[in-house]
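Below are the chains, spelled out letter by letter.
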Amino acid sequence: APSEAVAQTETSTTISVSCGSVGIEFQVCESGVRAWEAATGHRVQLVSTPNDSNERLALYQQLLAAKSGDIDVFQIDVVWPGILSNHLIDLRDVVDQKTLDQHFKAIVTNDVVDDRLVAIPWFTDAGLFYYRKDLLEKYGRKLPETWQEMTETARFIQKAERDAGNSRMWGYVFQGRAYEGLTVNAVEWLDSFNAGTIVDLDGKITVNNPRAADALTLAASWINDITPQGVLNYSEEECRGVFQSGNAVFMRNWPYAWPLMNAKDSPVKDRIGVAPLPKGGEDGKPTSTLGGWQLAVSKYSKSPEIAKDLVRYLTSMEEQKRRAVVGGFNPTIDALYKDEEVLKANPFFGELYETFVNAVARPARATGVRYNQVSAEFWNAVHATLAGDGDAKTNLASLEKTLERVSRGGRW
Amino acid sequence: MATVTLRGVRKSFGGMEIIHGVDLDIDDNELTVFVGPSGCGKSTLLRLIAGLEDITSGEMTIDGVRVNDLPPKERGISMVFQSYALYPHMSVYDNMAFGLKLANGSKDAIDAKVREAARILQIENLLTRKPRELSGGQRQRVAIGRAIVREPKVFLFDEPLSNLDAALRVQMRIELAKLKEDLSATMVYVTHDQVEAMTLANKIVVLRAGHVEQVGSPLELYHHPRNLFVAGFIGSPKMNFLETVASDIGRDTATVKIPGGGTMAVPARTAGMAPGAKVTLGVRPEHLVPGEEGDSVMEGRVFVVERLGGETYCHVRVDGGQSVVIRTGGDSPVNPGEQVRIGVPAATCHLFDRDGIALDRVERHPLADLDMPRSATG
Amino acid sequence: MATVTLRGVRKSFGGMEIIHGVDLDIDDNELTVFVGPSGCGKSTLLRLIAGLEDITSGEMTIDGVRVNDLPPKERGISMVFQSYALYPHMSVYDNMAFGLKLANGSKDAIDAKVREAARILQIENLLTRKPRELSGGQRQRVAIGRAIVREPKVFLFDEPLSNLDAALRVQMRIELAKLKEDLSATMVYVTHDQVEAMTLANKIVVLRAGHVEQVGSPLELYHHPRNLFVAGFIGSPKMNFLETVASDIGRDTATVKIPGGGTMAVPARTAGMAPGAKVTLGVRPEHLVPGEEGDSVMEGRVFVVERLGGETYCHVRVDGGQSVVIRTGGDSPVNPGEQVRIGVPAATCHLFDRDGIALDRVERHPLADLDMPRSATG
Amino acid sequence: MQARRIAGRVLFYLLAAAIIVYTVFPFYWAIVSSLKAGSALFQVEFWPANPAWDNYAGVFRGQPFARNILNSVVVSVAVVALSLFLALTASYALGRVQFRGRGTLLMVVLGVSMFPQVAVLSGMFELIRWLGLYNNLMGLILSYMIFTLPFTVWVLTTFMRELPKELEEAAIVDGASPWVIITRVFLPLMGPALATTGLLAFIAAWNEFLFALTFTLSNDMRTVPVAIALITGTSQFELPWGNIMAASVIVTVPLLVLVMIFQRKIVSGLTAGAVKG
Amino acid sequence: MTTAFDTNRLPAPRVTPAGRSKGSALTRQRRRAALIFLAPMVIVLALVAGWPLARTIYFSFTDATLYNLEYHELIGFLNFYYLAVDPQWWRAVWNTVFFAVVSVSIETILGMVIALTLNAHMPGRGLLRAAMLIPWAIPTVVSAQMWGWMYHDLYGVINEIFLGIGLIDRPHAWIADPALSMYAVIAVDVWKTTPFMTLLILAALQLLPGEVYEAARVDGINPVKVFFKVTLPLIKPALMVAIIFRTLDALRIFDLMYVLTGNSRATASMSVYARQQLVDFQDVGYGSAASTFLFLIIAAFTVIYITVGKVNFDGQGGK
Ligand SMILES: Nc1ncnc2c1ncn2[C@@H]1O[C@H](COP(=O)(O)OP(=O)(O)OP(=O)(O)O)[C@@H](O)[C@H]1O
Ligand SMILES: Nc1ncnc2c1ncn2[C@@H]1O[C@H](COP(=O)(O)OP(=O)(O)OP(=O)(O)O)[C@@H](O)[C@H]1O
Ligand SMILES: [Mg+2]
Ligand SMILES: [Mg+2]
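Residue numbers (this note's numbering), protein chains in the order written: chain C, 17 to 428; chain L, 224 to 601; chain A, 224 to 601; chain E, 168 to 444; chain B, 425 to 743.
Don't read these hints as lab results, they were simulated from the structure.
Possibly wrong hints are sitting among the right ones.
Using 20 Å as the maximum straight-line C-alpha spacing, the simulated DMTMM-like pairs for lysine to aspartate or glutamate come out as follows [said to hold, decoys possible]:
#1 Lys376(L) to Glu356(L)
#2 Lys83(C) to Glu212(E)
#3 Lys401(L) to Glu466(A)
Negatives, chain B to chain L, calculated, CB over 10 Å [what the hints assert, rightly or not]:
#4 Leu552
#5 Pro633
#6 Val636
#7 Asp679
Cβ pair distances, simulated, as ranges [stated by the list, open to error]:
#8 Arg456(B) to Ser329(L): 51 to 59 Å
#9 Trp475(B) to Phe213(E): 50 to 58 Å
#10 Asn303(E) to Arg50(C): 58 to 66 Å
#11 Asp251(A) to His434(L): 44 to 52 Å
#12 Leu217(C) to Phe213(E): 35 to 43 Å
#13 Met333(C) to Met305(E): 40 to 48 Å
#14 Leu181(E) to Ala432(A): 41 to 49 Å
#15 Lys301(C) to Tyr729(B): 25 to 33 Å
#16 Arg233(A) to Phe236(L): 42 to 50 Å
Backbone N, C-alpha and C fix where the C-beta goes; we use that ideal spot for every residue, glycine too.
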């Protein structure tokens, strides 16, 4: 429950919070906020911000750079703490260590910048491996464990299906467009091959290693084999489009796609399953990249205390549970993955628990302000490799050079 | 060489009919002049012949070919627009050469033609100018030049010399006449200048409010106008008209009252006229003679004297309040305010009935008919 | 009422000087006519007076006020443009009323003025039309109307009647004259029509290539042209010029050779001339008489006869190859190809020295100087 | 002869048809998409089997879309009015009066629109906040001047220059002040130019996104493009294509009406009969 | 730049001759009026554009970052140096210029054709004009996405149609295939901005003096020649302006590429590059430098256009 301290504040002030735009995300956020209003008697103005995370970040930066207090509480992406930390206040005093520890370690560490807790985890996200149950059964194939298996299975089923006249069938689709999403996918490949995550936690640039090269080479081999060249311009929705219209055997995507693909008008309704992403070879590990959103309070907020209280409330276990049940948002709190109410609403939370806890973070923390640049350089290199413009080795090599320059010799 | 014929040609703008059924034959290698009050439809008629406006009803043929549906370019005409319609962005030279280039004659041929035209029109030194840097008359000459460089079957000139000075106008007149002979082309020519009309025309068409009033050789119109309008329109200063009555009708003469009490027997075909009929007596200023001579004498008071140097127009208010103009020599001593006596030679008089229709004169004027040679062949 | 004076006014377009230092006095309530060959600078001069063009150098005053720096609207002028310049989007009525509305007169006053002008100009039935629906002459009349409705001190007319028919032109001429009297305004008037110039002008300014050749009353210019150019430009058909030599110089007479061998003593101030000097003999067509009379007789062969009805121009090539024009009566029997004898009255002749400058005539022509009353006061 | 004319006509109409297909098909496709829901979006069908009109209703759910349209109208109209007014007077000066530095000025005006929008964004943002116009339609109207003004000024200047000079002279002699000349003589003749620039400016303002997004905060200050961009599905990544298309169709219709009205102003022969020669 | 664009390159109708003479009353009166009329426009523009542009140019000489804007120092032309040596920047420059040249050329020709068509009198002209304007009327954010949808290699309608009429034998990944993407983008841009050209040209066509066409008809000049020799020269000024502004926009093209192909290097334009630096990488200094550089490039282009087109800039009516 909201702490009395704030509850007693006589005058009711208005603060504004940006959480999602319209749609469920917005509604769920709103209902939570209203509850808090009711409890504290403060008013909250919900600011809807662009859906595209790039544009959202741009907008935030615009406001913050101008020291505008127009938004008190920001919903920020898991890769932004480093970028925005300068404009955010330390939230150590919002939640005690105990509550903090309930949250996934990976995320919490990700939210700490120079020992300042600049954001508190709100909900998480992780890449999932969607597959066509029916097709696997039809061709008596088992769910692929490794990327190599996946490749082989995909190729087989794709050929079979095409021979069966489904000329549009493809094996595997993922987010291959030159944007953050590709970084996410590629980090999964690399990490699953134990090839690190571009830059390690100490800021050392690790991306240029043979295993990484293997991963990318394999991925590049997919294009035009089991993956349409089009993926080079796919983001989440295009993938879902292909998969949902029954034109792909496997797909990498976020959990959001699950309910949509099981909508009643969906051609693949009840014929699909989700699993952790494949391993990079026998010695690899299944990995998925950490996504999700945190809540932060602006340095320029006129009433930071009240804002903090709102953050405390929204990130609390109760609220996260509610959001999980009504909105299907993945909580950032271990316990909730065992809560049967939550599991009832979202069956696969249980089986994918591992995926969520072990989700690997992008090197946002190490690279701090320069994360975007690193990510851009990385996805460009990957994109080039996939597009067949230079092979993995050379591209990674030159990427390393570029990153050296960007990081000013690993000092970041 | 071409003939143009119009049959019952009508033209309306919106609801309003502007040309009311014109029948006209323009013969081969002949220069026909349209004259008529401002706004009577001359330009419109020209534009119809050019094919710029389409005929509301009627028939038009050029060289016997029905051209109602032929676009201008296929009618073999060229035209000088009353509002020059020069290409504003082209130099004088290009304005003239433009029409030729498409007929892709050789560069030199074109150049020769343009320069020749420029020479004739005395605009050689302006060839590089843009229209907006030209004076009114210069623009007009460019417009003429543009028409004459291409050698069409039919020339259409809409007041081509209106903005030129007298001297230049005379020269241009001669040049155009020469051009017509050389190309043996047919020309239709609109002008407000009497001298131009009389000297250039083989045939003059007098228009009024979209109707053809009379068609004939210049001197025919001068000596045998069909009605008051033509009589008044041809000749300048215009014919004097005196409202009077025919006191007595003989065969081939009508005795009419003259202001101031006298009477005069005017030779005219009087068939079907009764004594006492209202008539209009017409006599031209150049035929009135100051003094006693003449078949009858009017008296009056000079109220305006216009001296042009070579000649003098005196406006006289005769007894009964009507006024007449007399044209006399440049040095005639008459002054405003003086009483004068005016002799009226009966033979030169015209009679018009109450409807303004002219009574035929008893004998045709010798010059009226034979289309006299204008220049010595030798 | 206003006087306009120009002092050493020059105008150049770009590099090119168009007006070369004009000095001119236009008196109060006087009508001054500019004449001159096309392109000589008449319109430019008018535009300078209007203030539409900058004077490159020189002085201009209106009513004694230096106006070099006065914008047009403050000069109290109104102007008829050679190219009409009507407001295309306004009806005829609004075109005329526009200026008045700006001077915000009362609605009724404006309406009255506009309708009155329309009546004078005979365009009452066109008031609602747009310019593009008008004939050339009608547009021109609208342009005039626009100028006369506002009653300025100075009217500037640039060939205002060039597109009107003879009859209408005469009427307009009279109306303008009346207008001038009524408003006792000053008018500057550009025309190419000799009759207009001679009858309207108090003073004619003859321009050539941006220079003033001569300024004077119409008859002064007619009888005492200062040089060949003026002599040739004033009067139509133009004066005949015969190249010859002064065989003998008496005091106040010069004996000159006549084509065909004869000689003739021409009265003229011969000061500073020597026998044998090249001279040009000028005699006007209307002064030559067919037949024997006259102080000397030329012989020649008719090669062109132009019959205007009321008069006849015969072009005669005289012995020695030069040609002259004779103006005779309308019915004169002469035909092309005939031999004719031409009498030359010495008193009417003009002499010009080798530079084309006229020798003063011995006595002034009686009409030349006194500005005769044109109309009876009573 | 006749045959050739007929052939010409036919060819002409074929051309017209081709143009229509080329320009209109994507819009048609937008309509089709706006009637699709869920998985139908992922199939190609040239007319949806069961049109989902719900998309249209959906547009107005969840956000004050009507209000957004109103905002856009207000902003666009104001922008057009303001920039046309400023540009018209300026274009007279630039197009018909010669003074030193005219070309320079024109070039500077043009230079203003040579910076990428994103570059001026921050500065403009500060300016807007400084003027206290943040989250205020006035701010948008003002900031839009930066791209509508140079354009309108240049176009109107060009057209202004084309008008025959005698007209202006006649007006001057009639005692018209420059202001009168502009409003009473030139304005009516500039119909086509004004209608055109007006339309283009209007649409430019109507479709502007970046400024509108950055300079407004609350939903009921947003303009249409932003509102559309903010339409999202149930979760971050889902793109509710049907709704977006429906919204786009909705907001395109007013523009078309506008065009239908304004294009009447685009007529020829306005200066006919003005001058001779 | 301004010398290349001297006033006498586009002469105003000489109601009063140029300023070299001290000028008569009329001239000065008009000059005064001109100043008064210019003032509001200049003021508004200065107010709106002054600070943002100055700021951008200033920052382009600093190492400012969004991270904290205050603490920056002047580093002279360093940013520009980095820019000059960054192959990606030059790749972007090339992309943009190529894009601009090709698309603007096509738009001009196409716009001309459509304008001429719409200029002819025919039933339903109003409708056609409206239809013609549709692409311009749809917000770019949307239409770009829509085209992306239509371009989709698997369920995009374009592939569907082209396969249908046998233009292609297999589905193409129009915007993913580096070989095609630029042309795909250009196609969209042409579709979207041709109306802009069309409308301006149309307006220009309307102002042509009708009577010279009558003269041309009488002279029997065939329409094609009339178009090239009369129409084109007469609408040249308007056309030049249209082209200039289209080129400006094309050289600053951003959202189209951004939405269609993200940051893909194959199509990234200068603006996309600048935005990435400015916003994504928060490198205000460097981003501003890129923007300023972009500004310079555009200015250069404009000057070239104007100097090339100068000859025809005095196409004003000769009446
Ligand atoms: N804008 C200009 N640029 C260059 N020369 C010009 C310009 N306007 C006029 N001229 C020249 O100045 C001279 C005088 O022009 P103006 O119009 O005054 O002649 P004008 O006497 O009115 O002739 P017209 O009787 O034919 O009207 C002409 O030779 C003309 O070519
Ligand atoms: N487009 C039009 N719409 C309506 N009426 C018109 C149109 N064009 C001409 N008219 C009318 O038709 C009549 C004849 O015009 P036209 O130009 O033929 O006269 P015109 O004989 O050439 O006169 P002018 O000697 O003055 O040139 C005029 O009364 C004019 O008002
Ligand atoms: Mg006419
Ligand atoms: Mg003139």
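Each hint, compared with the structure:
no.: 1; hint: Lys376(L) to Glu356(L); in the structure: violated (32 Å)
no.: 2; hint: Lys83(C) to Glu212(E); in the structure: violated (50 Å)
no.: 3; hint: Lys401(L) to Glu466(A); in the structure: violated (27 Å)
no.: 4; hint: Leu552; in the structure: holds (25 Å)
no.: 5; hint: Pro633; in the structure: violated (7 Å)
no.: 6; hint: Val636; in the structure: violated (5 Å)
no.: 7; hint: Asp679; in the structure: holds (39 Å)
no.: 8; hint: Arg456(B) to Ser329(L): 51 to 59 Å; in the structure: holds (56 Å)
no.: 9; hint: Trp475(B) to Phe213(E): 50 to 58 Å; in the structure: holds (51 Å)
no.: 10; hint: Asn303(E) to Arg50(C): 58 to 66 Å; in the structure: violated (27 Å)
no.: 11; hint: Asp251(A) to His434(L): 44 to 52 Å; in the structure: holds (47 Å)
no.: 12; hint: Leu217(C) to Phe213(E): 35 to 43 Å; in the structure: violated (54 Å)
no.: 13; hint: Met333(C) to Met305(E): 40 to 48 Å; in the structure: holds (45 Å)
no.: 14; hint: Leu181(E) to Ala432(A): 41 to 49 Å; in the structure: violated (59 Å)
no.: 15; hint: Lys301(C) to Tyr729(B): 25 to 33 Å; in the structure: violated (59 Å)
no.: 16; hint: Arg233(A) to Phe236(L): 42 to 50 Å; in the structure: holds (47 Å)
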